[in-house]
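Turn these sequences into a full structure, and let the hints guide you.
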Amino acid sequence: MKTVEPGPGIATPETLPPPSIAVWQHRHILDLDDFTREEIELVLETADAMAEVLTREVKRVPTLRGKTVVTMFYEPSTRTRASFELAAKNLSADTVSLDASKSSVTKGESLIDSLRTIQALGADFIVMRHSQSGAPYLATQHVNCSIINAGDGWHAHPSQALLDLYTIRRHLGKLDNLKVAIIGDIMHSRVARSNIWGMSTMGARIILCAPHTLLARGMESFLAKCQLPNVSIETDIEPALEDADVVMLLRLQTERQQSGLLPSLREYIQLYQLTTERLSLARQNVLVMHPGPINEGIEISPEVAHGTQSVIEEQVSNGVAIRMALLYLIAGGKNK
Amino acid sequence: MPTTLLISGGRIIDPGQGIDKVADLLITKGKIAWMGDNGTAPSQPDLTTIDATGLIVCPGFVDLHCHLREPGFEDKETIATGTKAAARGGFTTICCMPNTNPPLDTQSSIDYVKKTAETEGAVQVLPIGCITKGRHGKEITEMSELAQAGVIGFSDDGEPVASSRIMSLAMDYSQALGLPIIEHCEDKELSDGGFMNDGWVSARLGLKGIPKAAEEIVVARDLTLAQLTGARLHIAHVSTEGSVELIRQAKEKGIAVTAEVTPHHLALTEERVMGSQLEKHNQLIYDTNAKVNPPLRTKEDIAALIKGLKDGTIDAIATDHAPHTLVDKMCEFGLAAFGISGLETALACLMSLVHGDQLDLKTLVSKLTFEPSRIIGTRYGELGTLKPGCRADVTLFDPNREWVVNSHDFASKGKNTPFDGCHFKGSVVVTIVAGKVIYKCNSA
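So the sequence lines, in the order shown, correspond to chains F and H.
Numbering follows the numbering used here, with no gaps: position 61 of the first sequence is 61.
Numbering follows the numbering used here, with no gaps: position 26 of the second sequence is 26.
Hints were generated in silico from the structure; no laboratory data involved.
For every residue, glycine included, the Cβ atom is placed at its ideal position computed from N, Cα and C.
Keep in mind that the hints are not guaranteed to be accurate.
Lysine-lysine pairs mimicking BS3-like chemistry, simulated, CA-CA at most 25 Å apart [said to hold, decoys possible]: (1) H:K299 x H:K208; (2) H:K310 x H:K299; (3) H:K114 x H:K29; (4) H:K425 x H:K362; (5) F:K225 x H:K208; (6) H:K299 x F:K225.
One side of the interface only, derived from the structure: several residues of chain F facing chain H at Cβ under 8 Å [what the hints assert, rightly or not]: (7) I112; (8) Q132; (9) G134; (10) A135; (11) Y137; (12) L138; (13) G153; (14) W154; (15) H155; (16) R193; (17) R217; (18) G218; (19) M219; (20) S221; (21) F222; (22) K225.
Covered, in the sense of this in silico footprint (three residues per stretch, anywhere, with C-beta under 8 Å from a C-beta of chain F), are these stretches of chain H [as the list claims (entries may be wrong)]: (23) 194-201; (24) 283-293; (25) 332-338.
Encoded structure:
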């Protein structure tokens, strides 16, 4: 496993200046499509300071004391939810965790009513995971709390993309001109969509690689319409991997095969599994990434998943620092 | 209530008679009595004059396709509120779709709608009956009895008739009745629970798309079956360039097909789902008021639809007025109901095409009056004309009056419009049904 220690001279939350209004305008974190390069850099720098906190014996700073962070998850999640809750606790916020499958949602309460209830209970931040694309956008129209999108349908997963950027930057120093291959179920992937925006803004070249049944039909015109010339589409894995600096695998949900998008898992494995042999097409210091949870033996071979180039576990660790940074920044920085 | 009305000095456009001139129109006893030069009307006792200077005077609009939701969904709309909305929109005859609860698949349900419309309706309501019992697509309805009860056509709108066999039987059976089969063309297996047009916006928003082919496959199938059976086919809410081309070819072959297009498919593209004025760095929205089936398409489709209207491939403009409650729309995009409340914005929306030189005024009026009336036929008298002796259904509109859409002002219970806040030029001023002024714009 690759590891990087925080370098000397990194700012800690106590020494960080409050975010400059000129750079930071966000009250919600919905996607990275409206993030400038400066804003992304600010998040990554802030995450460096948060990473330092995580190395302390007592991993806690008082930044969000008295604030309440509510996590509302309408879809099952392990790592994202735990990551946000740890991030909030490390900043001394109070956290409330609502499992939508056990709440009044099952009694027929609408999303908007649930959100209003949470607001009335005193939430300052709502971290939302929802199976419907756009749900957090709806939320911002009906409550005053800051909304953090922890994944909406097929659409966006901005904190995941930011931790991916952070992980890449820690290893390779920058994103500019890196070749990133994102391989797998692009159509249904909110991680891919957020990374398209974030990585493009940071100057990387992105290859989306999938069979046509797992690529949205409008993907090419989306890239053209939104002026994302550094993103291209490739159906074969070999050219996608060639000289890649980063290879990101996406989870293949087995129901995709059941609904006919793939003839068999066997053929998918033959065509798209990242194996040691295929990985040799990439650059020697390539980073292998995966947002998790992994289907070992399907999109990635166990050797590669646990191999020397894999930073998959580090992505999870970095997630806490990134989410601390996001909470810190949208709270307006230091205690006011 | 005046029984004698003189509409004076307006520009009369009556496409059925080929009339477009400034003239006076006299209405007596609920019928058109006379049309002639300004100031030359025969004198009448108790005459009320409406000054129509600067206004267009035309036959009352005829809507082939709307949803009045009664019986069953009275929280969305009723016959009373839907017909009031029609009156505000300049429509004097509206045809209501049978996807109510219960669906309009029996004589008694047709009777209910007609009776309620007679007592509570502001405008004439002509019901459409189901093609199949319960709209289940399994067995055809008692079409002959429904025809006797007064339906003007058959449709399972909202659902296609998925089975080609059932559709061919429905066409064979309905042929003797002379009434059209009105089809909602959608291959549901291909649209597969999609929410919007399958294109760049759906890819960007992560929403499941409905490909254009889902419509075109069923258009092509139905045209083939219409050729086989010789039945009359009317294609509802055409939304794609490919459908227009298929219908054009079918008409050239002499297949008995007619088609309609909605104002929203002529005015809006798929991009409207992201909000009305999206800049790259503005926050996205997922606007459920732009969620409609068939979905809003692309500007190439709009160009083809307009071309189809001009060359006669598309016969009529119909609103597909689909009112919904706030709850139906104020939710996650994927969970929101499909549909646009369209009766009260139709004319203004279409006038933007006229002001943009994409459509001429006479064609527009024809597509709202004469052409849909031809599809309905004459069993309810001659509609969509200002011929002397006909029922005096007349609409007066100001082509240049500017206004801003505010859905709270709608008579419809459905406030679900993507045009809220739009600045429009063109407004209905007076609506007359059977010689009676049923709507008059306050600020006119």
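**Prompt:** Checked against the structure, which of the hints given earlier come out wrong?
**Reply:** Checked against the structure, no hint fails, so every one of them is satisfied.
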